[in-house]
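These protein sequence lines map, in sequence, to chains B and U.
Counting along the first sequence from 1, when you hit position 96 you're at 95 in numbering that gives the first Met the number 0, and nothing is skipped either side.
Counting along the second sequence from 1, when you hit position 119 you're at 118 in numbering that gives the first Met the number 0, and nothing is skipped either side.
FYI, nobody ran anything at the bench for these hints, they're computed from the structure.
Even for Gly, the Cβ is constructed at its ideal location relative to N, Cα and C.
Errors might be hidden in some of the hints.
[As the list claims (entries may be wrong)] Across the chosen pairs, the derived CB separations fall in these ranges:
no., chain 1, residue 1, chain 2, residue 2, range
1, U, 313, B, 184, 44 to 50 Å
2, U, 313, B, 48, 22 to 28 Å
3, U, 188, B, 4, 41 to 47 Å
4, U, 304, B, 135, 33 to 39 Å
5, U, 159, B, 184, 14 to 20 Å
6, U, 399, B, 14, 39 to 45 Å
7, B, 190, U, 239, 31 to 37 Å
8, U, 204, B, 123, 39 to 45 Å
9, U, 258, B, 190, 20 to 26 Å
10, B, 186, U, 174, 52 to 58 Å
The residues making up each chain are set out below.
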Amino acid sequence: MEPINKIESVLTPLNKNNVDTDQIISKEFLKRIERTGFGEYLFYHWRYHADGTKNEEFVLNDPRYDGSTILVAHDNFGCGSSREHAPWAILDYGFRVVIAPSFADIFYSNCFKNGILPIKLSVAEIDEFLQKGKEAPYTLTVSLEDQTVTGEDGSVYSFDIDPYSKKMLLNGWDEISLTFQYEDKITEYEQKHA
Amino acid sequence: MAKTIIEKIWDEHIVYEEEGKPDLLYIDLHLIHEVTSPQAFEGLRLANRKVRRPDLCFATMDHNVPTKNLPVINDPIAKKQITTLEKNCEEFGVQLADMQHPDQGIVHIIGPELGLTQPGKTIVCGDSHTSTHGAFGAIAFGIGTSEVEHVLSTQTLWQSKPKTMEIRVTGQIGFGVTAKDIILAIISKFGIGVGTGHIVEYTGEAIRGLTMEERMTICNMSIEAGAKAGLIGPDETTINYLRGRRYAPQGEEFEAAAERWLALNTDEDAEYDQVLEIDADEIEPFVTWGTNPSMGSGISANIPTSADYVSETEKSALRSALEYMGLEEGMALTDIEIQHAFIGSCTNARLSDLEAAAKVVKGKHVHPTVTAIVVPGSRTVKKQAEEIGLDKIFTDAGFEWRESGCSMCLAMNDDVVPAGERCASTSNRNFEGRQGAGSRTHLVSPSMAAAAALHGHFVDVRKIEAAVQI
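Can you build the whole structure from these sequences, using the hints too?
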């Protein structure tokens, strides 16, 4: 997993709440047996009309946000299905940071396994970012080490993250290798509960 | 200290704990299906790891499988996922109920059916509806594929202890009202994010009065309220369901287990982080009209108008949902015409669900403009239903009687609702495009879906059922 710390990018404003994982990656694209290649299908039915033409009104098709690595959305982002194909699609498309007032539990947890930083900020702060980002391309600088998001105008917003997940992301660690350090504890538990 | 059942089960499964870290939690049962597991097995292969406890894993195929013309799979990519699961289970020694196996079915239907699901267990699966198994008083939750790989290789997961929430359902549901209506009413009243970060315990006399199959319907949709898991404390109903099931303890061992299970129940003076309450007496048969499961109302209500909401975000969510659904603000739910009815899914495809629908359709016929299918939740359910003649009731009424699988709940196989068409569905999600690109889903109970199939639009099933009884 790619470590993550400082990210500077124009934000992509996705002004929707309850964005579910069915919208992030639709089921017709879940049949691959690899972890890669999902980016081109991210938000597919919002990006493309039924006839396959681009929906020019959808934010991902707005060239002003090309190359953006920070996605900003409203409440309860990633609700619904547990499919990890959702964070795979977000990452494969190029996003490394998702900022929202709240996230669904499974999606939130899946982000950390894939080197995506999910940041929770207040509704008012999100509203501000969405507004600014919609008017004109607006750059944010994220520091995981400092747990801050800094706006173009220098205003700084702090966010909480649990220390374990922070360490995993900063170092890009493979969780399974870490868990193997506790193998004796697992064996002990199994013997006790056999 | 007094504890809730949630804390009792959690604490019992801690392998290792340390300040500033999540708990390392032992997993008792890992259920596996074809869609969320291939990348996990591939990860094991690449790292040269094995499955630590294949005896605690059980696999089946459900998401992709066709529900007719078995065993032909037309979609080559779906076929690849299915053969990949076969190969993975063989290579890593995991027990598999494949497409032809008599135990095959939707993973959350067969776990309980086989007695794999038991009180006090920690149960995971790469599927958000794993919460279903909570009906037995287990902590059961959905995980992503990275966590599937983690459980395969270590039989554990790092998990931060969730908060606890009690949802108390007081009173009793009325005639024609089902477990599905209770959970839809809960989600509608409290919202789809209310359970985030929590494990929910459902309590109250309305819950106690439910059968195990009904309790599974409630717990199944905990995730639709955002909860990590939902459970119901074990009682005699739970024990009677499990007695004699293949993988449940047998004989004296069972009686000893039953005693342990009952002791798991929440202590009298235990406290929850949050308590919510809803009155079952006020719940009507529900119909969702929007694009998430909280956007629903009792059948006698009308679709809300923007004036009913305060915030601009909510108003705009209502407008965009109704635009997608092709509906108008303030419209009566009984005026919504449907073209499809789907009776199936891990929410409502158990024998009692099929019986409830059959009771409504017996001797009647599907409306000429409606295509209706019944997809039993497992091969066992299908066989049991056929033994009591339900298949005949459905086919005589013009329903198609299919093989088991997830089917039209998420339309990964050929069972798709065409764009712009509307489905009365007993499944769990009405997200945009859930049943096919451009499809429009209305979540309802099996008897409500059956009634809508007969009439071509939603009707209050209580009126029909009353007529049947006369």
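Against the structure, the hints:
1. Range check, residue 313 of chain U to residue 184 of chain B: Cβ separation about 47 Å, and the 44 to 50 Å hint holds.
2. At roughly 27 Å, the beta-carbon separation of residue 313 of chain U and residue 48 of chain B lies within the given 22 to 28 Å, and the hint holds.
3. As the Cβ distance of residue 188 of chain U to residue 4 of chain B is approximately 42 Å, the hint placing it in 41 to 47 Å holds.
4. Our hint of 33 to 39 Å for residue 304 of chain U and residue 135 of chain B holds, since their Cβ atoms are close to 35 Å apart.
5. At about 18 Å, the CB distance of residue 159 of chain U to residue 184 of chain B agrees with the hint of 14 to 20 Å.
6. Separated by about 42 Å at the C-beta atoms, residue 399 of chain U and residue 14 of chain B satisfy the suggested range of 39 to 45 Å.
7. For residue 190 of chain B and residue 239 of chain U, the hinted distance range of 31 to 37 Å is satisfied, since their beta carbons lie about 33 Å from each other.
8. Judged by the Cβ atoms, the range 39 to 45 Å given for residue 204 of chain U and residue 123 of chain B holds: they are separated by roughly 42 Å.
9. Separation of residue 258 of chain U from residue 190 of chain B is about 24 Å and conforms to the stated range, judged on CB atoms against 20 to 26 Å.
10. About 55 Å separates the C-beta atoms of residue 186 of chain B and residue 174 of chain U, a value consistent with the hinted range of 52 to 58 Å.
No hint from the list above goes unmet by this structure.
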